[in-house]
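**Q** Now for the letters of each chain:
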Amino acid sequence: MLIKKPEDIRSSEITDQKLYLNRRKFILGASVAGAALAAGVLVRELSSPAPAGANAKLGFSKSPLSTSEKQTPFKDITNYNNYYEFGTDKYSPAAEAKNFRTRPWTVKVEGEVKKPKILDIDAILKLAPLEERVYRLRCVEGWSMVIPWVGFPLSAFINACEPTAKAKYLELTTLHDPKQMPGQNSGVLDWPYVEGLRMDEAMHPLAILAVGLYGETLPNQDGAPLRLVVPWKYGFKSVKAIVKARFTEKQPVNTWNIAAPSEYGFYSNVNPQVDHPRWSQAKERRIGEFFKRDTLMFNGYGDQVARLYAGMDLRKNF
Amino acid sequence: MRNRGIVLLKVAVFLGCLGPLAYLLWGYHADDLGANPIEVITHTTGRTTLVFLLITLSITPLRSLSRQPWLIRLRRMLGLFAFFYGCLHFTTYIWLDQFFDWANMVKDVQKRPFITAGFTGFVLMIPLALTSTGWAVRKLGGKRWQWLHRLIYLSATAGVIHFLWLVKKDISEPLIYAGVLALLLLYRIGAWGIPALKARRARLTESAP
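Chains A and B supply the protein sequences, listed in that same order. Residue numbers for the first sequence follow the numbering used here, so the first one is 1 and each next one is one higher. Residue numbers for the second sequence follow the numbering used here, so the first one is 1001 and each next one is one higher.
If you are wondering where the hints come from, they were derived from the structure by calculation, not from laboratory data. A couple of the hints might just be wrong.
To be verified - Here's a subset of chain B near chain A, in silico, CB distances under 8 Å, partners left out:
1. Asn-1036
2. Arg-1067
3. Lys-1143
4. Arg-1144
5. Trp-1165
Claimed, not checked - What follows is a set of in silico ranges between Cβ atoms, one per label pair, in the way DEER data are often shown:
6. Thr-1091(B) <-> Glu-162(A): 33 to 41 Å
7. Ile-1171(B) <-> Glu-162(A): 39 to 47 Å
8. Ala-1103(B) <-> Leu-314(A): 20 to 28 Å
9. Gln-304(A) <-> Ile-1171(B): 33 to 41 Å
10. Leu-1151(B) <-> Lys-70(A): 45 to 53 Å
11. Leu-1197(B) <-> Leu-314(A): 52 to 60 Å
12. Thr-1091(B) <-> Lys-179(A): 42 to 50 Å
13. Val-1167(B) <-> Gln-251(A): 25 to 33 Å
We put the beta carbon where it would ideally sit given N, CA and C, even for glycine.
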């Protein structure tokens, strides 16, 4: 497979390349047999980091919707990933998604639309000018990052899909290809991964489709070639490697809701007052920081999005 | 095995048991613990505690199955290492994770079943560590000491439950620990139960007219 390499690799990327992430897993060897030697249960696994600089530079403008907070380093955004299609370990997507094919790529548009159609990724990329959006990302697990995405408003994509008046929800689906996505061979989640938004949420100017980060094409482990970013919701709402957009009248059922209905709701707005049944959501650890910080309502985007939920009981609609 | 050999082996095992700690210290020093070092420290100390509890529990079956009675002489050290890593795990929670937010920790222990389970498992190890000396064995008497130290079954069970309850979805790893623990506990049931049953049957046949 061909990987385009630009001539001008920034020096910062070269430093990234020498970083190797080590992870150590404790494997209980042949159960009792290996017990005598404590050291024997420790197996060191080495995984090389994502190849930095393998992605093409993108042209984009800055957005006033960006935060000026310190951005999480590229190596952390591209090595610490929750992307179960490539394994449940945080560091496996960087290794397992290396040869993922993002071209040719199309997105099927169906459901409550004027006319079902298939959009090519290169046509999608021309739907709207690319912008850099530096957003906070809060994972439901209690950690957060600040990520300089490159993308365009989801509303531009929706308009191109020409939904009918009946369309109340948008459902987005990840590619299902166990040959390329080894994690899909396990039954840890129902594949393919599906997520949904209410139409007014999807049309909100903060909701974007991302095609890049740190000014370059999106690395595979971060959801290339096309992923959703909804910064006021927990990270798992932001579905990756999108191949299908379906407009529906009824509320779609999202993958994590199927997996654990009492733990992950449809809305999944970041909310420090509503705990996950098994852990608190009041605080978060920003990757790279020692102290935990308070989690903000709607991940700090309340001024822009709170009106979407006026009058709703957010404890019930978690 | 000769005494000298055992002493050498004990030194080697002791150094080996420090491996996980050395890995963390070195990794921290070299900034090599990934994007979320506190998570790595928490998970590594927790896993190591469980591994040592299971290793400690496997000494008895191993020595009788392999007929190597000297293995018992490693057991106390292994058990104490389980406690040592348990202390590190607990300290990580108090210090690095919660940063001495006592009010929140009290709430956590009450409200979060996985933390309640982990805390229980840790607390149950304390009397075992305190009575790990030869003096304590003599003071308590062998029988009573043995009964007290069966708390390790509860402690390890609580530890495995703690692990099972905390993972988001992929329970394959905690299930491995659960499986090994189940085997080790089943061995005990077999080892106590079968002779007891035989004795009972023998008594019954004797008393039969």
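**Q** Check each numbered hint against the structure and report the violated ones by number, ascending.
**A** Per hint list: 2, 3, 4 and 6 violated.
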